[in-house]
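Could you build the full structure based on these sequences and the hints that come with them?
Basically the working numbering = 1-based index in the sequence shown + 311.
These are computed hints drawn from the structure, not numbers from a lab. Wrong hints could be hidden among the right ones.
[Said to hold, decoys possible] Distance condition first, Cα-Cα at most 30 angstroms in a straight line; then the derived DSBU-like pairs of lysine-lysine:
| # | residue 1 | residue 2 |
| --- | --- | --- |
| 1 | Lys408 | Lys429 |
| 2 | Lys471 | Lys429 |
| 3 | Lys405 | Lys429 |
| 4 | Lys483 | Lys471 |
| 5 | Lys471 | Lys338 |
| 6 | Lys471 | Lys434 |
| 7 | Lys434 | Lys408 |
[Claimed, not checked] Between beta-carbon pairs, the in silico distance windows are:
| # | residue 1 | residue 2 | range |
| --- | --- | --- | --- |
| 8 | Val512 | Leu334 | 38 to 46 angstroms |
| 9 | Val477 | Lys338 | 16 to 24 angstroms |
| 10 | Val339 | Glu438 | 16 to 24 angstroms |
Computed from a predicted model, the values in this text were never measured in an experiment. Just so you know, even glycine gets a beta-carbon here, dropped at the ideal spot from N, CA and C.
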Amino acid sequence: MTSVDFWFDPLCPWAWMTSRWMLEVEKVRDVNTTFHVMSLSVLNDGRDLPEEYVEHMREGWVGVRAALLVEQQYGSEQLREFYTALGTRYHLGKEPKTIETVRAALAELGLDEAIADKADAWKPGDEPDELDVALRTSHHEGMDPVGDEVGTPVIHINGKALFGPVISPAPKGEQAGRLFDGFALVTEYDGFYELKRTRTVGPIFD
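Laid out in structure tokens, this is it:
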């Protein structure tokens, strides 16, 4: 079995697309995906950003902190389920990135709804709390191997870490498996760094 470690921020629609692809891959390849939390808000902390993007990053804290709390209290399998519940609301349902949306995702899975309050208790500018320290640790475990010039999704496979793939829509069935085969293949070459073209479509959620 191939073990894949996948870092995501619930806020990111591209990470959502890649995560749905990995779930398809598991159906057609002997692959197990472990989900981990990274944070675009951590990644962009202190950077000079347009004001609208700064607000977007502020919105990201509650969801990503809640995701880490779910992982801490319930384990990685429940983190995967929580990501699906929250991501469905964020990206398909277009629900706001608020404590109420986080609470609804927790309630759907029968998880402790107080997690939403704990996640929302810390605000940017506050002194770091234990959860903030843990979030940054998880973030850096995923992101440091790929550097700070990329965001999410990040996949670790075969001892290598790569940003991507950025896909839209997410392939299904054997096509998902074949894409994974190619992705896994490039991780075998130490000198591989980048393969890219301009995106001409946004995330296609199907």
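**Q.** Restraint status (C-alpha distance of Lys483 to Lys471 at most 30 angstroms)
**A.** holds, 24 angstroms
Q) Under the criterion that the straight-line Cα-Cα distance not exceed 30 angstroms, is the pair Lys471, Lys429 satisfied? A) violated, 34 angstroms
Q: Verify the proposed pairing of Lys471 with Lys338, using a straight-line Cα cut of 30 angstroms.
A: Holds, at roughly 23 angstroms.
(Q) Next pair to validate is Lys405 with Lys429; report whether the Cα-Cα distance is within 30 angstroms. (A) holds, 23 angstroms
**Q.** Range hint compliance [Cβ, Val512 to Leu334, 38 to 46 angstroms]
**A.** violated, 21 angstroms
Q | Lys471 paired with Lys434 [C-alpha distance capped at 30 angstroms] | A | Answer violated: Lys471 to Lys434 is near 34 angstroms, above 30 angstroms.
Q. Falls inside 16 to 24 angstroms, the C-beta gap from Val477 to Lys338?
A. holds, 21 angstroms
Q | Lys408 paired with Lys429 [C-alpha distance capped at 30 angstroms] | A | Within the cut-off at roughly 15 angstroms; holds.
(Q) Run the distance test for Lys434 versus Lys408: straight-line Cα separation, threshold 30 angstroms. (A) holds, 14 angstroms
Q. That 16 to 24 angstroms hint for Val339 and Glu438 (C-beta), does it hold up?
A. Given about 47 angstroms between the Cβ atoms, the range is violated.
When each numbered hint is compared with the structure, violations occur for hints 2, 6, 8, 10.
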